[in-house]
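Since chain W is already given, all that's left is putting chain C on it; use the hints.
Residue numbers (the working numbering), protein chains in the order written: chain W, 1 to 114; chain C, 1 to 115.
I should point out that these hints are in silico values taken from the structure, not numbers from a laboratory.
Don't take each hint at face value.
Stated by the list, open to error - BS3-like cross-link-like pairs, simulated, lysine-lysine; straight-line CA separation at most 25 Å:
| no. | chain 1 | residue 1 | chain 2 | residue 2 |
| --- | --- | --- | --- | --- |
| 1 | C | Lys68 | C | Lys24 |
| 2 | W | Lys38 | W | Lys16 |
| 3 | W | Lys113 | W | Lys16 |
| 4 | C | Lys68 | C | Lys78 |
| 5 | C | Lys24 | W | Lys38 |
| 6 | C | Lys96 | W | Lys38 |
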Amino acid sequence: AQKVTQAQTEISVVEKEDVTLDCVYETRDTTYYLFWYKQPPSGELVFLIRRNSFDEQNEISGRYSWNFQKSTSSFNFTITASQVVDSAVYFCALLNNAGNMLTFGGGTRLMVKP
Amino acid sequence: DAGVIQSPRHEVTEMGQEVTLRCKPISGHNSLFWYRQTMMRGLELLIYFNNNVPIDDSGMPEDRFSAKMPNASFSTLKIQPSEPRDSAVYFCASRKASRLTDTQYFGPGTRLTVL
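Just chain C, with the same shape it has in the complex:
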């Protein structure tokens, strides 16, 4: 079975540009999570969806960040406009929603560099 797929794997952009990160969860998984990893703050949850509906976006740092899940097999995390402090590795994870305490499986991450 394919794992969580993220694209792009690396993104370098300039301050002020729009950045879109993409995620395809594991087939059959109905919960999807976006995390950010930085040296200073470690791994932190940004937002998660159950059955394509955003449940908790309290971790989204500010209005420049938005996430969508138009269907069960695709999600995007958008940053507009991007800033150098957004540089981090962004992970997407998915989980079967049949049990809320099931294991989250992570994608390979997108390393974002904002110059």
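The following block holds chain W by itself, in its conformation from the complex:
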């Protein structure tokens, strides 16, 4: 079985602060895939990033960055200089090697206050 844990259920920051959302996963597969999705107040699920287990390079996209640490089974997401529009629920997800099981974490609700 595989599992994704997002220990922070809710985070509140003031605009322009940096914030890191934690994600820890468990899997027996040696090859797997990690994702982050954003769910804004409007409700849709928006794909943000995908990372393959064999690629541990960190990634930066504008104000967003992701830190993949295979040794600690973590895939953390940092927003730099947060903005009110970043307010959403963020989900971390794990896809198994067979591609038939996408497991979501419980989500972290991020509130960015002006």
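Then chain C, alone, in the frame of chain W:
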């Protein structure tokens, strides 16, 4: 390119009524997934199709739920009869089947309320 399209976006019905949710996957995507999101259980997979064929329906809660994919561009999820505990947001997602580990892209969801 258009994303995954779901209709209706909101559905309010009374217990015992039949409910049909619709999904149009991204053009060229051959895998389609139905998920349900609730506060208690989070996001859970109900069923998925590859090339219009149901592959895994182990997540379908009970016989009241059924899903079909008559062609590559359309799928339905039907609940008959509906119950208040079916109230949730139902998401459809699609993926290219060329690689089973490709990213799933989600539709906007259908918020179902059963009174």
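Structure-based check of each hint:
no.	hint	in the structure
1	Lys68/C to Lys24/C	holds (12 Å)
2	Lys38/W to Lys16/W	holds (19 Å)
3	Lys113/W to Lys16/W	holds (9 Å)
4	Lys68/C to Lys78/C	holds (8 Å)
5	Lys24/C to Lys38/W	holds (21 Å)
6	Lys96/C to Lys38/W	holds (21 Å)
Hint check: no violations occur; every hint is consistent with the structure.
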